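K.L.:
Sequence:
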Amino acid sequence: MKHASVIGTGSCLPERKLTNFDLEKMVDTSDEWITTRTGIHTRRIAGKGEENYRLATCAAREALAMSGIDAKDIDLIIVATFTPHMMMPSCACFVQAEIGASNAYAYDMNAACAGFLYALDMADKNICSNPDINILVIGSETLSAHVNWQDRNTCILFGDGAGACVVTGGIDGTGIVDSKLCSDGNLWKLLYMHSPKSLNPEIIQEDNNGCHIKMMGRDVFKHAVRAMEEAIVDILERNNLTVNDVDLMIPHQANIRILNKLVERLDVSREKVYINVNKYGNTSAASIPIALDEANRQGKMNRGDLLLFCSFGGGFTWGSMLMRW
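Using the working numbering, you'd call the opening residue of the sequence shown number 1 and step up by one each time.
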(Lines of atoms letter the chains of each structure in order from A and count residues from 1; the text may use other names and numbers.)
(Lines give C-alpha, C1' and ligand atoms only; values in the text may rest on other atoms or scores of the structure.)
Protein backbone atom coordinates (compact mmCIF):
# COMPACT_ATOMS: atom_id res chain seq x y z
CA MET A 1 0.00 0.00 0.00
CA LYS A 2 1.26 3.45 -0.91
CA HIS A 3 1.40 6.19 1.69
CA ALA A 4 1.66 9.98 1.42
CA SER A 5 5.19 10.97 0.47
CA VAL A 6 6.40 14.57 0.27
CA ILE A 7 7.91 15.49 -3.09
CA GLY A 8 7.97 19.26 -2.75
CA THR A 9 7.98 21.83 0.06
CA GLY A 10 7.51 25.57 0.25
CA SER A 11 7.05 28.36 2.75
CA CYS A 12 6.15 32.03 2.86
CA LEU A 13 6.79 34.61 5.57
CA PRO A 14 5.57 38.21 5.70
CA GLU A 15 8.22 40.88 5.16
CA ARG A 16 7.75 42.74 8.43
CA LYS A 17 9.78 41.57 11.41
CA LEU A 18 8.46 42.43 14.87
CA THR A 19 11.33 42.28 17.35
CA ASN A 20 11.26 41.99 21.11
CA PHE A 21 12.53 45.57 21.27
CA ASP A 22 9.52 46.66 19.20
CA LEU A 23 7.26 44.92 21.71
CA GLU A 24 8.94 46.76 24.59
CA LYS A 25 7.35 49.92 23.18
CA MET A 26 3.89 48.34 22.91
CA VAL A 27 3.42 46.41 26.16
CA ASP A 28 5.00 46.00 29.60
CA THR A 29 7.74 43.53 28.69
CA SER A 30 11.43 43.32 27.80
CA ASP A 31 13.68 41.49 25.39
CA GLU A 32 15.22 39.57 28.30
CA TRP A 33 11.80 38.56 29.70
CA ILE A 34 10.59 37.31 26.31
CA THR A 35 13.80 35.53 25.36
CA THR A 36 14.12 33.77 28.71
CA ARG A 37 10.55 32.48 28.69
CA THR A 38 10.00 31.76 25.01
CA GLY A 39 13.28 31.76 23.09
CA ILE A 40 11.66 34.08 20.54
CA HIS A 41 13.62 37.05 19.18
CA THR A 42 11.50 38.03 16.18
CA ARG A 43 8.22 37.09 14.57
CA ARG A 44 6.71 37.99 11.18
CA ILE A 45 3.58 40.15 10.96
CA ALA A 46 1.39 40.23 7.85
CA GLY A 47 0.90 43.52 6.04
CA LYS A 48 -1.06 44.75 3.06
CA GLY A 49 -1.30 42.07 0.39
CA GLU A 50 -0.22 39.35 2.81
CA GLU A 51 -3.60 37.95 3.80
CA ASN A 52 -3.76 34.33 4.93
CA TYR A 53 -4.69 32.92 1.53
CA ARG A 54 -1.95 34.94 -0.18
CA LEU A 55 0.69 33.51 2.19
CA ALA A 56 -0.76 30.05 1.59
CA THR A 57 -0.69 30.59 -2.17
CA CYS A 58 2.93 31.74 -2.10
CA ALA A 59 3.99 28.65 -0.11
CA ALA A 60 1.95 26.41 -2.43
CA ARG A 61 3.66 27.78 -5.52
CA GLU A 62 7.07 27.09 -4.01
CA ALA A 63 6.09 23.52 -3.17
CA LEU A 64 4.67 22.96 -6.66
CA ALA A 65 7.83 24.33 -8.26
CA MET A 66 10.00 21.94 -6.27
CA SER A 67 7.74 18.97 -7.00
CA GLY A 68 7.57 19.57 -10.72
CA ILE A 69 3.81 19.00 -10.66
CA ASP A 70 1.50 21.43 -12.44
CA ALA A 71 -1.34 22.96 -10.42
CA LYS A 72 -3.87 21.44 -12.84
CA ASP A 73 -2.62 18.00 -11.78
CA ILE A 74 -3.49 18.61 -8.12
CA ASP A 75 -6.55 16.61 -7.07
CA LEU A 76 -7.07 17.90 -3.52
CA ILE A 77 -6.07 20.98 -1.51
CA ILE A 78 -6.25 20.94 2.28
CA VAL A 79 -5.43 24.08 4.25
CA ALA A 80 -4.94 23.80 8.01
CA THR A 81 -5.84 27.11 9.63
CA PHE A 82 -7.96 28.70 12.33
CA THR A 83 -7.34 32.25 11.08
CA PRO A 84 -8.81 32.18 7.55
CA HIS A 85 -9.15 35.30 5.42
CA MET A 86 -12.93 34.80 5.43
CA MET A 87 -15.30 32.40 7.15
CA MET A 88 -16.64 31.49 3.70
CA PRO A 89 -15.28 30.63 1.21
CA SER A 90 -12.46 28.57 2.64
CA CYS A 91 -8.82 29.55 2.43
CA ALA A 92 -8.30 26.40 0.34
CA CYS A 93 -10.80 27.60 -2.26
CA PHE A 94 -8.97 30.92 -2.52
CA VAL A 95 -5.69 29.05 -3.03
CA GLN A 96 -7.29 26.84 -5.68
CA ALA A 97 -8.37 29.92 -7.64
CA GLU A 98 -5.04 31.70 -7.22
CA ILE A 99 -2.89 28.81 -8.49
CA GLY A 100 -5.34 27.59 -11.12
CA ALA A 101 -5.85 24.11 -9.67
CA SER A 102 -9.06 23.71 -11.66
CA ASN A 103 -9.27 19.94 -11.21
CA ALA A 104 -8.92 19.92 -7.42
CA TYR A 105 -11.48 19.99 -4.66
CA ALA A 106 -10.53 22.05 -1.62
CA TYR A 107 -11.38 22.57 2.03
CA ASP A 108 -9.99 23.94 5.29
CA MET A 109 -9.29 22.02 8.46
CA ASN A 110 -9.20 23.54 11.95
CA ALA A 111 -7.23 21.65 14.58
CA ALA A 112 -5.34 24.73 15.82
CA CYS A 113 -1.58 24.14 16.11
CA ALA A 114 -1.96 20.43 15.37
CA GLY A 115 -3.79 21.24 12.14
CA PHE A 116 -0.96 20.42 9.75
CA LEU A 117 -0.53 16.92 11.18
CA TYR A 118 -4.29 16.37 11.00
CA ALA A 119 -4.29 17.54 7.36
CA LEU A 120 -1.28 15.41 6.43
CA ASP A 121 -2.93 12.39 8.03
CA MET A 122 -6.08 13.05 5.98
CA ALA A 123 -3.95 13.31 2.83
CA ASP A 124 -2.36 9.96 3.68
CA LYS A 125 -5.75 8.28 4.06
CA ASN A 126 -6.86 9.66 0.70
CA ILE A 127 -3.71 8.33 -0.97
CA CYS A 128 -4.11 4.93 0.68
CA SER A 129 -7.52 4.64 -0.97
CA ASN A 130 -6.51 6.30 -4.26
CA PRO A 131 -2.72 6.06 -4.72
CA ASP A 132 -2.54 7.97 -8.01
CA ILE A 133 -3.77 11.35 -6.71
CA ASN A 134 -1.69 14.45 -5.96
CA ILE A 135 -2.47 16.49 -2.86
CA LEU A 136 -1.41 19.94 -1.72
CA VAL A 137 -1.28 20.24 2.08
CA ILE A 138 -0.83 23.71 3.57
CA GLY A 139 -0.59 25.17 7.06
CA SER A 140 -1.22 28.91 7.03
CA GLU A 141 -2.00 31.45 9.75
CA THR A 142 -2.33 35.19 10.27
CA LEU A 143 -2.37 35.09 14.06
CA SER A 144 -1.57 38.81 14.30
CA ALA A 145 -5.22 39.45 13.39
CA HIS A 146 -6.33 37.64 16.56
CA VAL A 147 -3.82 38.73 19.19
CA ASN A 148 -4.62 41.12 22.01
CA TRP A 149 -1.62 43.44 21.79
CA GLN A 150 -2.16 44.56 25.40
CA ASP A 151 -1.81 41.00 26.75
CA ARG A 152 1.90 40.45 27.22
CA ASN A 153 1.40 36.75 27.94
CA THR A 154 0.11 36.02 24.44
CA CYS A 155 1.13 38.85 22.10
CA ILE A 156 4.82 37.99 22.45
CA LEU A 157 4.30 34.42 21.23
CA PHE A 158 2.59 34.46 17.88
CA GLY A 159 3.57 35.22 14.31
CA ASP A 160 2.26 34.85 10.77
CA GLY A 161 3.35 32.56 7.96
CA ALA A 162 2.58 29.58 5.75
CA GLY A 163 4.17 26.29 4.80
CA ALA A 164 3.12 23.78 2.16
CA CYS A 165 3.97 20.40 0.74
CA VAL A 166 2.95 18.38 -2.29
CA VAL A 167 2.31 14.74 -1.45
CA THR A 168 1.87 11.73 -3.71
CA GLY A 169 1.92 7.98 -3.28
CA GLY A 170 5.38 7.02 -2.04
CA ILE A 171 7.59 4.34 -3.54
CA ASP A 172 10.32 2.15 -2.07
CA GLY A 173 8.94 2.46 1.44
CA THR A 174 8.91 6.26 1.56
CA GLY A 175 6.04 8.25 3.04
CA ILE A 176 4.07 8.33 6.24
CA VAL A 177 4.81 5.34 8.44
CA ASP A 178 2.25 5.98 11.16
CA SER A 179 0.37 8.76 12.90
CA LYS A 180 -1.26 9.20 16.28
CA LEU A 181 -3.81 12.00 16.61
CA CYS A 182 -5.58 12.95 19.84
CA SER A 183 -7.94 15.53 21.28
CA ASP A 184 -9.62 16.45 24.56
CA GLY A 185 -12.45 18.95 24.30
CA ASN A 186 -12.85 19.06 28.07
CA LEU A 187 -9.79 21.31 28.35
CA TRP A 188 -10.80 23.94 25.80
CA LYS A 189 -10.92 26.79 28.33
CA LEU A 190 -7.15 26.63 28.79
CA LEU A 191 -6.54 27.80 25.22
CA TYR A 192 -9.27 29.23 23.01
CA MET A 193 -10.49 32.05 20.80
CA HIS A 194 -14.08 33.31 20.52
CA SER A 195 -15.78 33.85 17.19
CA PRO A 196 -17.04 37.35 16.34
CA LYS A 197 -20.18 38.13 18.33
CA SER A 198 -23.32 36.40 17.16
CA LEU A 199 -25.97 38.37 15.27
CA ASN A 200 -28.57 36.07 16.79
CA PRO A 201 -29.37 37.47 20.27
CA GLU A 202 -30.59 34.05 21.42
CA ILE A 203 -27.12 32.48 21.20
CA ILE A 204 -24.84 35.37 22.09
CA GLN A 205 -21.99 34.31 24.36
CA GLU A 206 -22.08 36.73 27.27
CA ASP A 207 -18.39 36.28 28.12
CA ASN A 208 -17.23 37.02 24.57
CA ASN A 209 -15.07 40.12 24.94
CA GLY A 210 -13.16 39.78 21.72
CA CYS A 211 -12.12 37.43 18.94
CA HIS A 212 -8.57 36.98 20.19
CA ILE A 213 -6.44 34.20 21.64
CA LYS A 214 -6.75 33.51 25.35
CA MET A 215 -4.42 31.14 27.13
CA MET A 216 -3.65 29.81 30.58
CA GLY A 217 0.06 29.51 29.92
CA ARG A 218 1.24 27.36 32.83
CA ASP A 219 -1.54 24.81 32.42
CA VAL A 220 -1.00 24.63 28.67
CA PHE A 221 2.73 24.07 29.22
CA LYS A 222 2.14 21.08 31.50
CA HIS A 223 -0.42 19.45 29.23
CA ALA A 224 1.59 20.13 26.06
CA VAL A 225 4.82 18.53 27.25
CA ARG A 226 3.13 15.46 28.71
CA ALA A 227 0.76 14.93 25.77
CA MET A 228 3.44 15.21 23.08
CA GLU A 229 5.82 12.99 25.02
CA GLU A 230 3.16 10.29 25.40
CA ALA A 231 2.18 10.52 21.73
CA ILE A 232 5.81 10.17 20.66
CA VAL A 233 6.58 7.27 23.00
CA ASP A 234 3.43 5.46 21.90
CA ILE A 235 4.05 5.81 18.17
CA LEU A 236 7.67 4.68 18.51
CA GLU A 237 6.77 1.67 20.64
CA ARG A 238 4.02 0.42 18.36
CA ASN A 239 6.45 0.59 15.41
CA ASN A 240 9.24 -1.18 17.34
CA LEU A 241 11.42 1.91 17.22
CA THR A 242 13.25 4.09 19.72
CA VAL A 243 14.08 7.77 19.64
CA ASN A 244 17.60 6.75 18.53
CA ASP A 245 16.12 5.50 15.25
CA VAL A 246 14.84 9.00 14.42
CA ASP A 247 17.09 11.00 12.11
CA LEU A 248 15.31 14.35 12.48
CA MET A 249 12.57 15.56 14.80
CA ILE A 250 10.51 18.56 13.70
CA PRO A 251 8.22 19.66 16.54
CA HIS A 252 5.61 22.39 16.62
CA GLN A 253 7.48 25.60 17.40
CA ALA A 254 5.47 26.71 20.44
CA ASN A 255 8.19 28.12 22.68
CA ILE A 256 11.69 27.08 23.67
CA ARG A 257 10.74 26.01 27.20
CA ILE A 258 8.26 23.44 25.90
CA LEU A 259 10.78 22.23 23.31
CA ASN A 260 13.63 22.00 25.84
CA LYS A 261 11.48 20.09 28.31
CA LEU A 262 10.30 17.69 25.61
CA VAL A 263 13.85 17.05 24.41
CA GLU A 264 14.96 16.45 28.00
CA ARG A 265 12.16 13.98 28.78
CA LEU A 266 12.66 12.06 25.53
CA ASP A 267 16.44 12.06 26.01
CA VAL A 268 16.91 12.86 22.33
CA SER A 269 20.06 14.47 20.95
CA ARG A 270 19.54 18.21 20.49
CA GLU A 271 21.31 17.98 17.13
CA LYS A 272 18.43 15.85 15.87
CA VAL A 273 15.78 18.49 16.68
CA TYR A 274 15.02 21.26 14.20
CA ILE A 275 14.19 24.54 15.95
CA ASN A 276 13.40 27.92 14.38
CA VAL A 277 11.03 29.38 17.00
CA ASN A 278 13.58 32.13 17.65
CA LYS A 279 12.96 33.58 14.18
CA TYR A 280 9.23 33.20 13.67
CA GLY A 281 7.57 32.59 17.03
CA ASN A 282 4.52 30.32 17.21
CA THR A 283 2.87 30.21 13.79
CA SER A 284 0.39 27.50 14.84
CA ALA A 285 -0.55 25.17 11.95
CA ALA A 286 2.17 26.76 9.80
CA SER A 287 5.07 26.03 12.15
CA ILE A 288 5.84 22.41 11.18
CA PRO A 289 5.58 22.92 7.39
CA ILE A 290 7.71 26.09 7.57
CA ALA A 291 10.35 24.19 9.55
CA LEU A 292 10.09 21.21 7.19
CA ASP A 293 10.69 23.43 4.17
CA GLU A 294 13.68 25.11 5.82
CA ALA A 295 15.20 21.80 6.83
CA ASN A 296 14.61 20.40 3.34
CA ARG A 297 16.25 23.35 1.60
CA GLN A 298 19.17 23.21 4.02
CA GLY A 299 19.78 19.56 3.14
CA LYS A 300 18.98 18.29 6.64
CA MET A 301 17.21 15.16 5.32
CA ASN A 302 18.46 12.35 3.12
CA ARG A 303 16.39 9.78 1.28
CA GLY A 304 15.31 7.07 3.68
CA ASP A 305 15.68 9.22 6.81
CA LEU A 306 13.08 8.72 9.52
CA LEU A 307 11.35 11.99 10.46
CA LEU A 308 9.30 12.55 13.60
CA PHE A 309 6.69 15.31 13.85
CA CYS A 310 4.75 16.30 16.95
CA SER A 311 2.37 19.11 17.81
CA PHE A 312 -0.05 20.42 20.41
CA GLY A 313 -2.77 23.05 20.12
CA GLY A 314 -6.08 24.44 21.28
CA GLY A 315 -8.99 22.09 21.53
CA PHE A 316 -6.98 20.43 22.97
CA THR A 317 -5.56 18.73 19.88
CA TRP A 318 -2.21 17.00 19.63
CA GLY A 319 -0.39 14.19 17.92
CA SER A 320 2.74 12.64 16.48
CA MET A 321 3.70 11.29 13.06
CA LEU A 322 6.52 9.21 11.59
CA MET A 323 7.58 9.69 7.97
CA ARG A 324 10.22 7.95 5.89
CA TRP A 325 11.75 10.66 3.69
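Among the hints, erroneous ones may be present.
To be verified - Here are the simulated DSSO-like pairs of lysine-lysine, each with C-alpha atoms no more than 27 Å apart in a straight line:
hint, residue 1, residue 2
1, Lys189, Lys214
2, Lys261, Lys189
3, Lys261, Lys180
4, Lys17, Lys2
Stated by the list, open to error - What follows is a set of in silico ranges between Cβ atoms, one per label pair, in the way DEER data are often shown:
hint, residue 1, residue 2, range
5, Gln298, Trp149, 51 to 57 Å
6, Leu199, Ala65, 38 to 44 Å
7, Glu24, Pro131, 23 to 29 Å
8, Met86, Val27, 27 to 33 Å
9, Leu199, Arg16, 18 to 24 Å
10, Met87, Ala65, 39 to 45 Å
11, Ile171, Tyr192, 40 to 46 Å
12, Asn244, Asn209, 23 to 29 Å
13, Val27, Pro201, 40 to 46 Å
14, Arg303, Asn148, 42 to 48 Å
Think of the hints as simulated: they come from the structure by calculation, not from any bench. Keep in mind the model is a prediction, meaning the values are calculated, not measured. The C-beta atom is built at its ideal place from N, Cα and C for all residues, glycine as well.
K.L.:
Take the hints in turn and mark each one as holding or not.
P.N.:
Tested hints:
{"no.": "1", "hint": "Lys189 / Lys214", "result": "8 Å, holds"}
{"no.": "2", "hint": "Lys261 / Lys189", "result": "23 Å, holds"}
{"no.": "3", "hint": "Lys261 / Lys180", "result": "21 Å, holds"}
{"no.": "4", "hint": "Lys17 / Lys2", "result": "41 Å, violated"}
{"no.": "5", "hint": "Gln298 / Trp149: 51 to 57 Å", "result": "33 Å, violated"}
{"no.": "6", "hint": "Leu199 / Ala65: 38 to 44 Å", "result": "43 Å, holds"}
{"no.": "7", "hint": "Glu24 / Pro131: 23 to 29 Å", "result": "53 Å, violated"}
{"no.": "8", "hint": "Met86 / Val27: 27 to 33 Å", "result": "29 Å, holds"}
{"no.": "9", "hint": "Leu199 / Arg16: 18 to 24 Å", "result": "33 Å, violated"}
{"no.": "10", "hint": "Met87 / Ala65: 39 to 45 Å", "result": "30 Å, violated"}
{"no.": "11", "hint": "Ile171 / Tyr192: 40 to 46 Å", "result": "42 Å, holds"}
{"no.": "12", "hint": "Asn244 / Asn209: 23 to 29 Å", "result": "48 Å, violated"}
{"no.": "13", "hint": "Val27 / Pro201: 40 to 46 Å", "result": "34 Å, violated"}
{"no.": "14", "hint": "Arg303 / Asn148: 42 to 48 Å", "result": "45 Å, holds"}
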